[in-house]
Amino acid sequence: MSPPSLLSVRDLAVHFPVGRRGLLGRPARWLKAVDGVSFDLERGKSLGLVGESGCGKSTTARAIVGLQRATAGSVQLDGVDLTRLDRRAWLPHRRRVQMIFQDPYASLDPRQTVGSILAEPLAIHGLARRRERRLRAMALLEAVGLNPRHVARYPHEFSGGQRQRIGIARALALEPELLVCDEPVSALDVSIQAQIINLLEQLRQRFGLAYLFIAHDLAVVRHLCERVAVMYLGRVVEVAERDRIFSSPRHPYTRALLSAVPVADPQRERERRRTVLRGDVPSPLDPPAGCPFHPRCPERERVADDACEARVPPLGPCGGAPEHHTACHLEAGLE
Amino acid sequence: MDTPLLSVRDLAVRFDTPHGSVRAVDGVSFDLAEGETLGLVGESGSGKSVTNLALMGLIPRPPGVIEAGSVRFGERDLLALAPEELRRIRGNEIAMIFQDPMTSLNPLLTVGRQLTEVLEEHRGLSRREARSLCARGLADVGIPEPETRLDSWPHELSGGMRQRVMIAMALLCQPRVLIADEPTTALDVTIQAQILELLSRLQERHGTAIVLITHDLGVVAGVADRVHVMYAGRLVEAAETHALFARPAHPYSEGLLASIPSFDGDPSEPLASIAGQPPDLAELPPGCAFAPRCPLAEEACRSGTPLLEQVADPRAAAPRYSACRVAPALLGRHAAGEATS
Numbered sequence: 001m002s003p004p005s006l007l008s009v010r011d012l013a014v015h016f017p018v019g020r021r022g023l024l025g026r027p028a029r030w031l032k033a034v035d036g037v038s039f040d041l042e043r044g045k046s047l048g049l050v051g052e053s054g055c056g057k058s059t060t061a062r063a064i065v066g067l068q069r070a071t072a073g074s075v076q077l078d079g080v081d082l083t084r085l086d087r088r089a090w091l092p093h094r095r096r097v098q099m100i101f102q103d104p105y106a107s108l109d110p111r112q113t114v115g116s117i118l119a120e121p122l123a124i125h126g127l128a129r130r131r132e133r134r135l136r137a138m139a140l141l142e143a144v145g146l147n148p149r150h151v152a153r154y155p156h157e158f159s160g161g162q163r164q165r166i167g168i169a170r171a172l173a174l175e176p177e178l179l180v181c182d183e184p185v186s187a188l189d190v191s192i193q194a195q196i197i198n199l200l201e202q203l204r205q206r207f208g209l210a211y212l213f214i215a216h217d218l219a220v221v222r223h224l225c226e227r228v229a230v231m232y233l234g235r236v237v238e239v240a241e242r243d244r245i246f247s248s249p250r251h252p253y254t255r256a257l258l259s260a261v262p263v264a265d266p267q268r269e270r271e272r273r274r275t276v277l278r279g280d281v282p283s284p285l286d287p288p289a290g291c292p293f294h295p296r297c298p299e300r301e302r303v304a305d306d307a308c309e310a311r312v313p314p315l316g317p318c319g320g321a322p323e324h325h326t327a328c329h330l331e332a333g334l335e
Numbered sequence: 001m002d003t004p005l006l007s008v009r010d011l012a013v014r015f016d017t018p019h020g021s022v023r024a025v026d027g028v029s030f031d032l033a034e035g036e037t038l039g040l041v042g043e044s045g046s047g048k049s050v051t052n053l054a055l056m057g058l059i060p061r062p063p064g065v066i067e068a069g070s071v072r073f074g075e076r077d078l079l080a081l082a083p084e085e086l087r088r089i090r091g092n093e094i095a096m097i098f099q100d101p102m103t104s105l106n107p108l109l110t111v112g113r114q115l116t117e118v119l120e121e122h123r124g125l126s127r128r129e130a131r132s133l134c135a136r137g138l139a140d141v142g143i144p145e146p147e148t149r150l151d152s153w154p155h156e157l158s159g160g161m162r163q164r165v166m167i168a169m170a171l172l173c174q175p176r177v178l179i180a181d182e183p184t185t186a187l188d189v190t191i192q193a194q195i196l197e198l199l200s201r202l203q204e205r206h207g208t209a210i211v212l213i214t215h216d217l218g219v220v221a222g223v224a225d226r227v228h229v230m231y232a233g234r235l236v237e238a239a240e241t242h243a244l245f246a247r248p249a250h251p252y253s254e255g256l257l258a259s260i261p262s263f264d265g266d267p268s269e270p271l272a273s274i275a276g277q278p279p280d281l282a283e284l285p286p287g288c289a290f291a292p293r294c295p296l297a298e299e300a301c302r303s304g305t306p307l308l309e310q311v312a313d314p315r316a317a318a319p320r321y322s323a324c325r326v327a328p329a330l331l332g333r334h335a336a337g338e339a340t341s
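Protein chains in written order, with my numbering: chain A, 1 to 335; chain B, 1 to 341.
Note that these hints are calculated values from the structure, not bench results. Treat each hint with caution, since some may be false.
[As the list claims (entries may be wrong)] Quick list of simulated restraints, FRET-style, between CB atoms:
hint	chain 1	residue 1	chain 2	residue 2	range
1	A	Arg111	B	Ala317	53 to 61 Å
2	A	Gly19	B	Leu109	21 to 29 Å
3	B	Arg128	A	Pro27	53 to 61 Å
4	A	Glu132	B	Thr17	40 to 48 Å
5	B	Val65	A	Tyr154	28 to 36 Å
[Stated by the list, open to error] Output of the computed footprint for chain B on chain A, the stretches with three or more beta carbons under 8 Å from beta carbons of chain B:
hint	stretch
6	159-171
7	183-194
8	220-226
9	260-272
Just so it is clear, the structure is predicted and the values come from calculations on it, not from any experiment. Cβ coordinates follow ideal geometry from the N, Cα and C atoms, glycine included.
Hey, can you work out the whole structure from these sequences and the hints?
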């Protein structure tokens, strides 16, 4: 048997109760934010999790780092199922998985110096003596391209891009094996975004990190991730190697998503044929029966198939390429 | 260009803050022709939104001060109008849509009430007359069951729907100018595609001129006729869209274009990025504000602010402008690059 993947997510589900009557009453309905997500991530590799708001990508990330309890399924780190651990048992595993957040303004304590922000995780995990911590903090600042002498400054003294670097340094403090990055560059200006993307790539090589990279910007994901999983309404609808996703996407939603992304080239942007999806993403409180994408699916105008409305399509191999999976009843008939 | 519809000259806006004064907009001039789309591009703090708030008379005073400039709209100078006169133009002849449709709709009023108010105010229609026009307005922007939607509350609508309501509201009086400030930034890409398609269809039908403020160069590439690039409160480049993307004439525009991850670049190559941070407006360097980050900066760039001047580009269909001393050399390099490739 091959050794277990660094991260192995199986049938992960996160459901939220909605409209509970009273404190102990039964919820009126369940919001299925994540509903049966599975994927693997190997050591030192990066997987992009993409999709639009409400598709469940951030909830998936939060369940993996333990910020959100899983309703069902498993999250295995090196073969250990984290969802079955209590808080105490989780602690030694927690340092192996760290997270970077979207908003560099909201995710740093404004009353702490950068030095103490970076030393805190070391203190919690008992990893360094007080004096060593300051040196470690300075080394971390250096690693993310900041001036180590700014260790006594407060977050407000840094710009947005620099604050995101501090967030990255904090995530690196415990020498994790896996970084879960939730939209780490989407709040940044374009010129700064490129700096942070380059930094993340450089750190990955230097420390042998694996990334689970959550983003709505497909071009950013293409730059950083070797594999990409596309989510829609709480499910993975397609997963494949980077080149397969971008050059031969199989799921109609992936195709529409790619065609909707504007490219910074006036000539191509004006000539391309674009699939403009009709309507909005349905509410996850009231998902459509069958394939969650069927009410907006452009392929259904060409091929009508009752299965789309009747059954949820399973994620299965497609397109003749190994490791390329999609969840579409019509896949075999697509061009 | 014939007589422009809207003509901004030497606009300067200052904000007096406890930490000192900052000039958010400094000497901005541009024209807008009927039916065209002008893209205004820049990063946070570049002054693109303040420019447009100023010409709509929406700068809070204090702390804002309009120091200089004029905004000609037909016979009138918008900056010299009394608030009452400006209010008759705003929402009527010039309309605006904002980035966040949740905070720009009143949560305490139904969609219908907010829409009919516009027509009652500007057109003096009765509520019933206004209601039927508003239902048609909602249908035009692709909202299903418009009659029912008039009775919805903003919180009952999705983000895309709310932005459609904002657009319907902005277009009710068939404005001649529409200022769209990051209209799709808060939306998902598939919804963004719908809204951009809608805007260009409505523009074709009514001949509305659009100022599109955005940080997304991809959006600009798709819809703008001309692009103006702002940096640290000033216009640094102005050109027809194709020319700007093919041959940027300012190192900042060039840097911006290069730092966008693309769908066909080699992902194993690091992205080109612009070094350093955007400047603090309270402590602008002497000379060109971009010089500290500019790979082409020369000693002379660090003294004397470069003005936006025409640069020769024989291949461009329209005159183009750059506020950079080395712009001619930059254009020459692009030309050489194209010749060899």
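Hints versus structure:
no.: 1; hint: A:Arg111 <-> B:Ala317: 53 to 61 Å; verdict: 56 Å, holds
no.: 2; hint: A:Gly19 <-> B:Leu109: 21 to 29 Å; verdict: 26 Å, holds
no.: 3; hint: B:Arg128 <-> A:Pro27: 53 to 61 Å; verdict: 43 Å, violated
no.: 4; hint: A:Glu132 <-> B:Thr17: 40 to 48 Å; verdict: 41 Å, holds
no.: 5; hint: B:Val65 <-> A:Tyr154: 28 to 36 Å; verdict: 31 Å, holds
no.: 6; hint: 159-171; verdict: holds (count 4)
no.: 7; hint: 183-194; verdict: holds (count 6)
no.: 8; hint: 220-226; verdict: holds (count 4)
no.: 9; hint: 260-272; verdict: holds (count 10)
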